[in-house]
Every structure is written in structure tokens, then in C-alpha cells.
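Asker: Take a look at the letters that make up each chain.
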Amino acid sequence: MTYALMRTISAACVTLFLMGCGQNPAAPSNTEPASEPPTAQSAVINPPSMAILILDDGAVSGAGSSATDNKLERGRALYQRQCGACHSLDQNRVGPKHRGVVGRVSGDVSDYRYSRALQELDLIWTVETLDAWLENPSQVAPGTAMGFRLRDADDRAAIIEYLGSVSPEP
Amino acid sequence: MSDQDLIMPSRRAMLGTTGRTLSLAGIAMIAGGCTGITAPATADETNSDVQILNAAIALEHEGIAAYQIAATSGLLDPAVVDIGVIFQGHHKGHRDELVKAVLALGGVPAEEQSLDHYAAALDAASLTNQTDVLRLALRLETGAANAYLGLIPSLGTDYHQIAARMAGDEAFHAAILANALGDPIPVAPLIFG
Numbered sequence: 000m001t002y003a004l005m006r007t008i009s010a011a012c013v014t015l016f017l018m019g020c021g022q023n024p025a026a027p028s029n030t031e032p033a034s035e036p037p038t039a040q041s042a043v044i045n046p047p048s049m050a051i052l053i054l055d056d057g058a059v060s061g062a063g064s065s066a067t068d069n070k071l072e073r074g075r076a077l078y079q080r081q082c083g084a085c086h087s088l089d090q091n092r093v094g095p096k097h098r099g100v101v102g103r104v105s106g107d108v109s110d111y112r113y114s115r116a117l118q119e120l121d122l123i124w125t126v127e128t129l130d131a132w133l134e135n136p137s138q139v140a141p142g143t144a145m146g147f148r149l150r151d152a153d154d155r156a157a158i159i160e161y162l163g164s165v166s167p168e169p
Numbered sequence: 000m001s002d003q004d005l006i007m008p009s010r011r012a013m014l015g016t017t018g019r020t021l022s023l024a025g026i027a028m029i030a031g032g033c034t035g036i037t038a039p040a041t042a043d044e045t046n047s048d049v050q051i052l053n054a055a056i057a058l059e060h061e062g063i064a065a066y067q068i069a070a071t072s073g074l075l076d077p078a079v080v081d082i083g084v085i086f087q088g089h090h091k092g093h094r095d096e097l098v099k100a101v102l103a104l105g106g107v108p109a110e111e112q113s114l115d116h117y118a119a120a121l122d123a124a125s126l127t128n129q130t131d132v133l134r135l136a137l138r139l140e141t142g143a144a145n146a147y148l149g150l151i152p153s154l155g156t157d158y159h160q161i162a163a164r165m166a167g168d169e170a171f172h173a174a175i176l177a178n179a180l181g182d183p184i185p186v187a188p189l190i191f192g
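So the sequence lines, in the order shown, correspond to chains A and B. With numbering that gives the first Met the number 0 as the guide, the letters of the first sequence map in order to residues 0 to 169. With numbering that gives the first Met the number 0 as the guide, the letters of the second sequence map in order to residues 0 to 192.
Be a bit skeptical, because a hint or two may be false.
Dumping the calculated BS3-like pairs for lysine-lysine here, alpha-carbon to alpha-carbon at most 30 Å [said to hold, decoys possible]:
(1) K70(A) to K96(A)
(2) K96(A) to K91(B)
(3) K99(B) to K96(A)
Honestly, the hints are just simulated from the structure, not real lab data.
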């Protein structure tokens, strides 16, 4: 497939998506190919002002941006992307709320219904135990309902540092 | 004897030999897969699968509720509601597949909670316009795609494919929502997981 064809298809897709939601499609000039090899800042279909990855809740990230270099911001973004389906800081959802989790006793959120595996688990959530948990929850607490594993050690560290940075419950 | 006669027997012979070889190998693989090679799941493994699949059911319950809350919020254009209803139907399909799996394993499927519970859990009161709703949906769908991909290593192999298929659906939803919001296409590969 030629680049020109790919460009045409991409522009058509964006137009269709935006039309489907009642918005105006981006101006054609925004779909012009970059004259240089794509980078995180340039190889996007949308306007250059939006040429960073908007994650959620205003979090921003992008290769080479200062935000990416900030480990806490990276941890926050990763937390949203990797944990956000089931968890939030202040609400019990599929999993228990996380604010103040670092230093907390396992299975200790009073208004959350834990699996038997977590009810019987007896440990303190430290950097080390959280790292082991995120790497393979079933190894820490066999029979847990949390099957999600995060293989990348740097990602685990960033998330744990972020969770340690958020203020605990008053 | 023609040239064709000379060729055909040898082709048949070749195909026959190959076919027998493949058939034997195939039978051995099938037999191995059904009997000796794959050990039956232990009770602990089955219990683990039930627990994890039930967490996925809870996730789908929340997703279904999220689209219900969004559709009835009055914040969305009718065309967006239509898309949301389709996505909600996908999540209902996921829930049904997961419920079947849990029942097949002898477990009790996780029950849905009240719409008020999900509204509070998702802080629905803070949603004030269509963009807020789409942003929440994108966050949930992105998280769900990552959640399914991340739980595959913990699940028994029988459920790897269905989890991957569900991750694909969630990623599809996320892609459409991101485009509707005007988010740029991620440049780096391996967008999810």
C-alpha cells in the first residue's frame, strides 16, 4: 500500500469518526504527511498543538516530553491505563480503592469485599510486596481475583511510586 | 505410456507419503492435546480461573452500567448514544460469555450491583458534557483492553483466546472513542498491554 493511499484512508477514517460524533472533521491540511521521518511530536493526524498523547484527566505524555521524564506523572498515567479499568484512588470498584495503599495492611479496606485469598493474606503493602503483587498476584495470594500481571519492572516501579505519592486518606 | 502417466504416479506417491506423514503427526498432536500432554486443571487452578473470570464479569457489569448512565444522561448527541448502545451490546456479549465460562467451571457468576452504585463508583455526577462522558468511556475501554491482556498469563489456557478477543473489542472501542475526541493516533507500536 502506498503512503498516499494510506494517507487517504487515514483521513477518511478520521472524517468518518468525527462525523459520527457530530463534530467537524479536521482540516485537510492536518493530514499532510510529515516531510521528515515521524516522531512522537510530528507523526500525528491531528493539529500540531495536539501532537502529544492525551491520556485522561488531562494527563499528558509523549516521547521526549518533559512530562514523560517525570516519573510520578508517568506513574499516574500508567496507573490510569493499566489499573484504571478496575481501580481508582477513592472509590471501591472491581478492586479496592488505592489511596494510602502503600504502608497499609493487606485486605484492610473496610467497605470492600475481598476474595478469600486476600482475606487470608497477611502482609503490609510495601514497595517490595506491591512489586511482587503486580508482577504476579497469584504467586503472592493464590486464588486471588486479580489476574492482571504487569511484566515491566520500570512500569511497576513508576506506578508504586505514584501510589506512594498520593496523599493518604484523612 | 505418456509423460503425464510418468509424472502422475510419482506425484500421487509423493502426496500420499506426505499425507500419511502429516496425518500421523496431526493425529499425534490431537491425541496429545486431548490426553497426555495437557494435564487437567487442579481444583486450585479451577478456583483461580473462576475468581479471575468473575472479576472480568464485574468489569463488564460496570462497563454496561457506564454506557447506561451515559445514554440516559442527556449529555450525548443521539448519534453518539447509538454508538454507545452498540458498544454496550458488546459488553453484554462479553458478560454472557464469561458467565457461561464460570458456570462451566462450577462457579457462581458475579452479580451486578445497582446503577446507583456504579454511578457513585464512576463519579458520574462530575460529568457535565459529552466530552466528559467520552473521556470517561475512553478511560474505561483503554483500561479494559489492558486488563484483559494483563490477565491472560494468569488464566488457564482454555480462556486465553476469549480474553484476547475481548481485549480486541475493548481496543476497538477505545480507538473509536479516541478519534471522536480528536486524540492523535499513537505513534509507538504495542499501544495496549
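Asker: Each hint should be assessed against the structure and marked as holding or not.
Answerer: How the hints compare with the structure:
1. Between K70(A) and K96(A) the alpha-carbon distance is near 22 Å, which keeps this suggested pair within the 30 Å criterion.
2. Straight-line distance between C-alpha atoms of K96(A) and K91(B) comes to about 25 Å, which keeps the hinted pair within the 30 Å bound.
3. Taking the CA atoms of K99(B) and K96(A), the gap is near 29 Å; set against the 30 Å cutoff, the hint holds.
When the structure is compared with the earlier hints, no violation turns up for any of them.
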